[in-house]
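We have chain Z; now place chains L, D, V, S and X onto it with these hints.
6 protein chains.
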Amino acid sequence: MHLETETWTDVADAETDLALLPVGSTEQHGPHAPLGTDTLDAEAVADAAAEQYDDPVVVAPAIPVGIAEEHREFSGTLWTTESTFRSYVRDVVGSLASHGWDRVVVVNGHGGNIAALREVTTRIVRHDDAYAVPFTWFDEVDEHTSEMGHAGPLETSLLRHANPETVHEDRLEEAADGSSDRWGDWQGRVNLAVDSHEFTENGVVGDPRESSADLGEELLDLSAAALCKLLDAVRERDPQARIDG
Amino acid sequence: MHLETETWTDVADAETDLALLPVGSTEQHGPHAPLGTDTLDAEAVADAAAEQYDDPVVVAPAIPVGIAEEHREFSGTLWTTESTFRSYVRDVVGSLASHGWDRVVVVNGHGGNIAALREVTTRIVRHDDAYAVPFTWFDEVDEHTSEMGHAGPLETSLLRHANPETVHEDRLEEAADGSSDRWGDWQGRVNLAVDSHEFTENGVVGDPRESSADLGEELLDLSAAALCKLLDAVRERDPQARIDG
Amino acid sequence: MHLETETWTDVADAETDLALLPVGSTEQHGPHAPLGTDTLDAEAVADAAAEQYDDPVVVAPAIPVGIAEEHREFSGTLWTTESTFRSYVRDVVGSLASHGWDRVVVVNGHGGNIAALREVTTRIVRHDDAYAVPFTWFDEVDEHTSEMGHAGPLETSLLRHANPETVHEDRLEEAADGSSDRWGDWQGRVNLAVDSHEFTENGVVGDPRESSADLGEELLDLSAAALCKLLDAVRERDPQARIDG
Amino acid sequence: MHLETETWTDVADAETDLALLPVGSTEQHGPHAPLGTDTLDAEAVADAAAEQYDDPVVVAPAIPVGIAEEHREFSGTLWTTESTFRSYVRDVVGSLASHGWDRVVVVNGHGGNIAALREVTTRIVRHDDAYAVPFTWFDEVDEHTSEMGHAGPLETSLLRHANPETVHEDRLEEAADGSSDRWGDWQGRVNLAVDSHEFTENGVVGDPRESSADLGEELLDLSAAALCKLLDAVRERDPQARIDG
Amino acid sequence: MHLETETWTDVADAETDLALLPVGSTEQHGPHAPLGTDTLDAEAVADAAAEQYDDPVVVAPAIPVGIAEEHREFSGTLWTTESTFRSYVRDVVGSLASHGWDRVVVVNGHGGNIAALREVTTRIVRHDDAYAVPFTWFDEVDEHTSEMGHAGPLETSLLRHANPETVHEDRLEEAADGSSDRWGDWQGRVNLAVDSHEFTENGVVGDPRESSADLGEELLDLSAAALCKLLDAVRERDPQARIDG
Amino acid sequence: MHLETETWTDVADAETDLALLPVGSTEQHGPHAPLGTDTLDAEAVADAAAEQYDDPVVVAPAIPVGIAEEHREFSGTLWTTESTFRSYVRDVVGSLASHGWDRVVVVNGHGGNIAALREVTTRIVRHDDAYAVPFTWFDEVDEHTSEMGHAGPLETSLLRHANPETVHEDRLEEAADGSSDRWGDWQGRVNLAVDSHEFTENGVVGDPRESSADLGEELLDLSAAALCKLLDAVRERDPQARIDG
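Chains as they are written, first to last, in our numbering: chain Z, 45 to 289; chain L, 45 to 289; chain D, 45 to 289; chain V, 45 to 289; chain S, 45 to 289; chain X, 45 to 289.
Chain Z on its own, in the form it takes in the complex (with noise of 0.2 Å):
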């Protein structure tokens, strides 16, 4: 039940307290994979799980710009500071409940947007009247999250899968080529770098030439299947529970 394409009367009959929003970035993928490749993917998930889900979801509209600054060295990169970024979540997410749809789920594909969701997500818990956590598709499939990288094998395969006339194949030796193979530049734990542009020439972190699109498929139905059981737990979640009480 997406909203955007939905009439308001015909939601106002869903009989459902469950909501996605998905969340994605305008940001550099590499020379191969497009600007919006972390709202794609996020939609991707997001629909994917609607859809296979028992009971009526609502799907808001995606939220295109997000926390990427880091990125903004590297042309088309959009982003908000991230004070503005958790406001606009959370007076969505706060406008979501005030139909009923009180129990949501913010359906993330991008790396950069996860602390300011843990963040805001929080805060709606505990002040708001609404109960919500963040889902990242990429932390959710199995053994593969190790691989994620940035443009990599686990974006561009979910590309290739669900929106394949976005990337461009040809220019995969390209973008490992200018790849780095790890994300930041490391002194211990602590990363020195801020922006991307200080760790990778092309904007890729990971080989993209390890993607294909049936990787791609397998990553949309494990991802798709989690965040399913996600929705079964946030439904019969009880926030004010304590372990003792």
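Treat the hints as calculated values from the structure; they're not laboratory data. Keep in mind that this is a model prediction, so the values were computed, not measured. Don't take each hint at face value.
The list cannot tell twin chains apart, which means a pair is met if one copy fits it or any two copies do.
Within a straight-line C-alpha distance of at most 25 Å, the following computed SDA-like cross-link-like pairs (lysine to any residue) qualify [as the list claims (entries may be wrong)]:
{"id": "1", "residue 1": "273", "residue 2": "218"}
{"id": "2", "residue 1": "273", "residue 2": "59"}
{"id": "3", "residue 1": "273", "residue 2": "239"}
{"id": "4", "residue 1": "273", "residue 2": "166"}
{"id": "5", "residue 1": "273", "residue 2": "99"}
{"id": "6", "residue 1": "273", "residue 2": "131"}
{"id": "7", "residue 1": "273", "residue 2": "227"}
{"id": "8", "residue 1": "273", "residue 2": "251"}
{"id": "9", "residue 1": "273", "residue 2": "253"}
{"id": "10", "residue 1": "273", "residue 2": "155"}
{"id": "11", "residue 1": "273", "residue 2": "208"}
{"id": "12", "residue 1": "273", "residue 2": "243"}
{"id": "13", "residue 1": "273", "residue 2": "116"}
{"id": "14", "residue 1": "273", "residue 2": "230"}
Chains L, D, V, S and X in isolation, oriented as in the chain Z frame:
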């Protein structure tokens, strides 16, 4: 040149300082038109103008949630505070400008956004490193503008032309039945109402039965042409000029 | 019942829930009219209405500085940010309401304040314990409204009637010479200018030679009568009502 | 040179960098003195000093609502938050400075504004392009300062001299009857009270029967003379100087 | 009962609603006294009072950085904006109150914090669920208060008694040599200076040679006794009381 | 070179651009460890590193209250909002940098601060005149990091070595009895809990019986050594560098 589907390397080569930022809303549009009407219409106009324009124009992804608390009593309506909305737009325009696209037209599909967009673009011109103006498509369709309403003939027509699958044509009678003939509840020129449920039963203002795909095509042509002329003017504008200088 | 000159014990006895809050601006009004024009005019209208109205009405002191950065290139213009202005108005309305005067009309004399007043009064109605609406006097003078301009016939006439000593009648020719015939610099319905020095040499829009004290008296009568009618409506308004309920 | 009644063309010719910004309050002043006492008194002092001073001085319109929540239990009292008040003052001083009047004395009539004015003028001096200091008139009347109170002999006297029509002389006995002899409710040097109704029955502190128009004239002379001396000092001040260099 | 060194289980059993929150500053205190003087002194007074008081009192860890931008030209001085400082204090008082310790005395060691603490504790009393007052130790030492200065006899004496190892007694002559005899640079009762380097060469105001450990002991006794009396008063205070009943 | 106990004249002579800012928390650490555990541990690590480092390093006083609302149900826990905390840290780092110590490592002892410190230090590097990174001591103790928990073996060990008087060793059994074996309540990789009382009875995660003073010494050595290496790297870092030169 849509950022969502282009790579950073391709947009880096674009020789332009012009960008379009579509801004919509997710809000009730009667029983016949989708909650995403304003976003879909803004995107349609931005796309048409970018395609027609002689030189390349960057098109940012549409901002899907705007200032729509006035429709809060109708299910599915999403909104942010005015302050959050302005910050979000300002941040996005600032990041567009950082890449050299510092002449930005915000292509707007929602009446409730107009005042906030005027405020924020003016602040950008005066205090940031960019020139930005808002363009609201239904204000730029010649004499048709006066028939605007809400979910009325204009918006419905543009949908029927550009996104016909989203309109329930079989509900136009029902839509007209519960509609109001004016926006607001007026004493003189003061609107006593703050929310739309105070003056319309089903959210509609105007008569959507007067819509047609043909009218939609005409509206798209008119507004896209007006937007192209505006791009010419924006490209040439000297924000520092004074009349006597 | 003007707060500035009444004692708290006298206003405590007033049996009313109606208050007027005049809001002006300190900004250039050409070579012939004072920087305080908007404040003086707003006060004149508020005073006239309070006097004519059948029941007691509290009149707060006028807020003298508003949103006028657009005139910053003309000496003597003062302004606050939109955000500061809205906070100031909201706080003052809130304190009025705390004393039981929770039906407030903001009597405005400046076009630049209109959008911000609409935003803040709407927020007050939805989220605070008060009902407030903005009233801009020159929008409520029948067909004369179309002649508004800036420091033009309307504002100058009201001054010549209510505060004649502040107008330099011997400079009306000079004022007309350097004036513009329209507010803004337009491409279609988009104003490309953000500041008034971009389109007027001496700050005037319209022809102040068409002003007269007689016209001023008429304008005062019209706007005060409109304001009295609005007070009736505001007193009766149920902010919670829905059309179908 | 009062901005409210001057034209922009006339003030543009003024050769000065000095400005006065009167700041008052709208708050209870007992049964005998008007809610606008602090504004009226601040204006009287600013006017007298501007007139006496050898060189031209710009006088801004008075800010009529300040920090007065402490009187909220007395009808008619208006207030803003400290934060809003500081922003309002900072914005106005900033716009004065933009026209070359960047040596600003804030002429204050209300004790509750003192701390906030000190904070904001200090911030202006350190971080903006202006030099500003607050001047509170009743702190600058020699040995009389110690008799200040609230709506007591000093404020009442200045009103009786400068705005005699606003004082109910026939209520001075009543005012004295319900008055307190000290501001606050003290344990050591800590005031346990946050609001004035905690320690005064009718809002008065001190004995207004000791007021007179003659005393008012003396107070006006003293404070205006002190303000003129301050203007001399402000004109000469080098904000960057250090004692040893 | 110091929170820093107690366990949560032990403080959970405490039967009290009283808490002390020491607030200091890290700022220059001349060549002889440490940058942490204000924090050390505030802690000493809070500790002494908590020990002497008949009933248990919770002592929060000291806030070590306050409002000290005025000393920015002297190395090692740290500061926050007034706004940040107020928020920090308000949040901490709020969390103290959440555990039932909702009668809080902020024990302050720095003159620059006084106005901000008055503002924020007043806001807390009016709008939060706690009663809080600020107590500045050197204002509560009888006639000694008048000798305060900065890094002068009072502060140095208290250090020499409570933290003698932090004072360089061999530099007292040097400290006196570069000191000023008054805080500020005055025209009437207006301080024209915003920073301390404008009126003191080495940061000292007053003569630290007049300090002694014995005087320090007396000061500690006086201020701790005053604080104990204040705790009695704070425990009994009814924030809602009005004088007339 | 600890600012708290040094004079400004002594630190002014220090030849270094390195500073450490310890950041802790006041929050429950089970029945056996003090509420100030995180502050004490952060100070211990900062002190050890400053002492071992070859060149002088400025050590600021520890910020004692951080982001700990998650423990709000356990008595004695103090917290600020994330926004207040970030502002406080940013202001302090800014004042450190103003004295030439513009290479700052924030030495953190609390997991709940990590995301906020990452956000604020990144903002400082990009937009202020300083380079700052966060260092969390228990992330830098080799393979021990995985045993972290809360009030578990690592934190307790470091206390037993550096502040043994603060640990109730006789309560370690009790602490273990009510502890949880994992932080959070998980569905996949989403933590459904927002507060610690949802998953631990007495606030402990992990088994503090596995702590020892010897392990504490090892942890201190490891983390101090890691911090010294980081200081080397921070001193050399060019924040403007890009990988491709």
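Tested hints:
1. 273 - 218: Classified as neither: same-chain Cα gap 39 Å, cross-chain 36 Å, threshold 25 Å.
2. 273 - 59: within (19 Å within a copy, 46 Å between copies)
3. 273 - 239: Classified as between: cross-chain Cα gap 22 Å, same-chain 35 Å, threshold 25 Å.
4. 273 - 166: Answer is within: at 20 Å inside a copy they meet the 25 Å cutoff, but 35 Å across does not.
5. 273 - 99: within (12 Å within a copy, 49 Å between copies)
6. 273 - 131: For residue 273 and residue 131, neither the intra-copy (28 Å) nor the inter-copy (35 Å) Cα distance is at most 25 Å.
7. 273 - 227: Only across copies: residue 273 and residue 227 sit 20 Å apart there, 30 Å inside one copy, limit 25 Å.
8. 273 - 251: neither (30 Å within a copy, 31 Å between copies)
9. 273 - 253: For residue 273 and residue 253, neither the intra-copy (31 Å) nor the inter-copy (36 Å) Cα distance is at most 25 Å.
10. 273 - 155: Within one copy, since 21 Å is at most 25 Å while 28 Å is not.
11. 273 - 208: neither (27 Å within a copy, 35 Å between copies)
12. 273 - 243: between (37 Å within a copy, 20 Å between copies)
13. 273 - 116: Neither, since 36 Å and 29 Å both go past 25 Å.
14. 273 - 230: Only across copies: residue 273 and residue 230 sit 11 Å apart there, 35 Å inside one copy, limit 25 Å.
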